[in-house]
Amino acid sequence: MSSIPDSLPATVAQQAAVAGKRPRRNPYLFFLLRRIGQALIVIFVVTVVVFALLQMLPGGPARGVLGVQATAEQIAQFNHEQGYDRPVWEQYILFLGRLLAGDLGQSYLLNMSVTDAITQRLPKTLLLTGLSLVIALVIAIPVGIFQAVRRNKGADYTLSTIAIVAYSTPSFFLGMLLIMIFSQNLGILPANAPQGETIAAVLAEPQRLILPVLTGAIPLVANFSRYMRSSALDNLSEDYIRTARSKGTPFRRVLSRHLLRNSLTPVVAMLGYQLPVMFGGALVIEQLFNYPGMGLLFWSAAQSSDFPVLLGCVLVISIATVVGSLLADIIQSVLDPRTRGGIA
Amino acid sequence: MSFMKRFSQNRLAVIGLAILVIAILFVTIGPLVYPTDQIRTVLESADLKPGVEGHPLGTDSLGYDVLGRLMVGGRTSLLVGILAGLLATVIGTLWGAIAGYVGGIVDAVMMRIVDAGIAIPAIFLLLVLSSIVQPSEWIMILVIGFVSWLVPARLVRAESLSVKTRDYVVAARAMGGSHTRIVVQHIVPNTIGTVVVNATFQVADAILLVAYVSFLGMGLQPPATDWGAMLSDGLGLVYQNAWWLILPPGIAIVLVVCALNFVGDGLRDVFDVKGKTA
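If you read the sequences in order, they're chains L and H.
Each residue of the first sequence is one higher than the one before, counting from 1 in the numbering used here.
Each residue of the second sequence is one higher than the one before, counting from 1 in the numbering used here.
One thing to keep in mind: the hints can contain errors.
One side only, chain L facing chain H, incomplete, derived with CB under 8 Å [said to hold, decoys possible]:
no.	residue
1	Thr161
2	Phe173
3	Pro276
4	Trp299
Chain L residues, not near chain H, derived (Cβ > 10 Å throughout) [as the list claims (entries may be wrong)]:
no.	residue
5	Gln74
6	Arg86
7	Arg121
8	Val143
9	Arg150
10	Tyr167
11	Ser168
12	Glu205
13	Tyr240
14	Arg253
15	Arg257
16	Arg261
17	Ala302
18	Ser305
19	Ile317
20	Arg338
Hints in this document: simulated from the structure, not taken from any laboratory.
Built from N, CA and C at the ideal position, the CB exists for glycine as well.
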């Protein structure tokens, strides 16, 4: 493995050649299949974890559905009907089958299926995190490039320190500060998120979205500007930048045409891995601003021990994360073919 | 250059270390110097502004002295955060070292488990777990430790892959050293830079996680408290402009987490390792 002297990451074909195997006919296809296979395995492990949590529930699912008043006979009958008296592996197969059919069970409290509850709330969470993400990128990309160009100067240090402070601030504290400043003392922005049922209704009250979106965006700016800075720094010392400069290309143009495109690629790959952070942020933000998305659904389910909703949300978020990282890796491999072999 | 000298060249890291020392003294010696009753509620002296009736930071809606509560709550935040962060580091280090050293199918299986763990956001898993078991300090340490060992596992695995091909490991094998001995005596010590640097960030993240769980109301039961729970209590009073209930615990969290990140950056320079940038 360490015997390849080349400093460039070896492609799959090269690796195969070193290992004495016949080079694959289509290394890129092989890379894609391998990466998708990994994602499927990870999703499988996630379902096992969620199933294990289901087994840990106090009193089992029967107690949850039938309530504390249920007799032992009722519970036994329920367990038999639902297949909970079968061997664990058979139950897992049943669980997986229901999952594939899109059936996440019934909420204990909401009088609707978990799938319905999630499909109703998820778009709102995606809207909130999507807006935060776009704003964060619009700010973080130029800031990161600026820091890389002025590296180790006063402005760079100041911005890096601000980024660490922003990163170290829990988003609920940040949100409370924003509420205190903008709603309480200045009185210019409302602290309650839009309550509308549909996305259109939510977007109809943009001023109510400002504080929640800002609270989500600030920690992301801190993260992305750091990635952007280090990625731009790596690229600034590359030959192609020197070539472009020596041809007499104006520096601004070198930055926007050459540096930006090349240093964005690793940041794209990081986006996938930021998804858990974003969903975690949404949980707190939705609770703080009372925004009826999936985070608030999850939080109220945690308060009332509504386990089917809790586990359904965990499953959906985890699968979204796996798919998100997969897409990020694939996009990166399209943008930068050098990364195709490099995933362990 | 000596360890201390290199570390002390990073001014932010030194400031961070000083903040950490002060914070630890504040939560340990503090309550001895400034004793307050954090068990019994005193409703007659609730919601006092700072400076009134000998309460430097005022009182909360149950009449607890905020400065004293900051010390008692901080003890929980720091204790749980530090121990959970260290537990996560130990689990992750061993997991990563074994996966990297053994390699092959074992490595693949172990790392897919890590991938799955990373896909499930820790805060969601923590809330599910804390609605199953009633959290105590020790349960929080165990649970947070067991959901946040994934990053060190990945970093140590990567190091372990390169360490195991070194001559001294091959020599140790040739002399008949057992696999356990090689992992414990050679692989782990040679990844120590990565481990120490990451442990600092791990503790910082654990302190944040504790705060998140408590803020969401799934932490310790009152009258026990921590900085996150104090912020949660203050949330209802945001509109009364009760800033003394919000700023002290919030700033305390930010200061300690920042300090740990600064120290981590300083240690990274000392050990000269690449890795997570805060």
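Numbered hints the structure breaks, given as an ascending list: Numbers 10, 11, 17, 18 and 19 - these are the hints that the structure violates, sorted from lowest upward.
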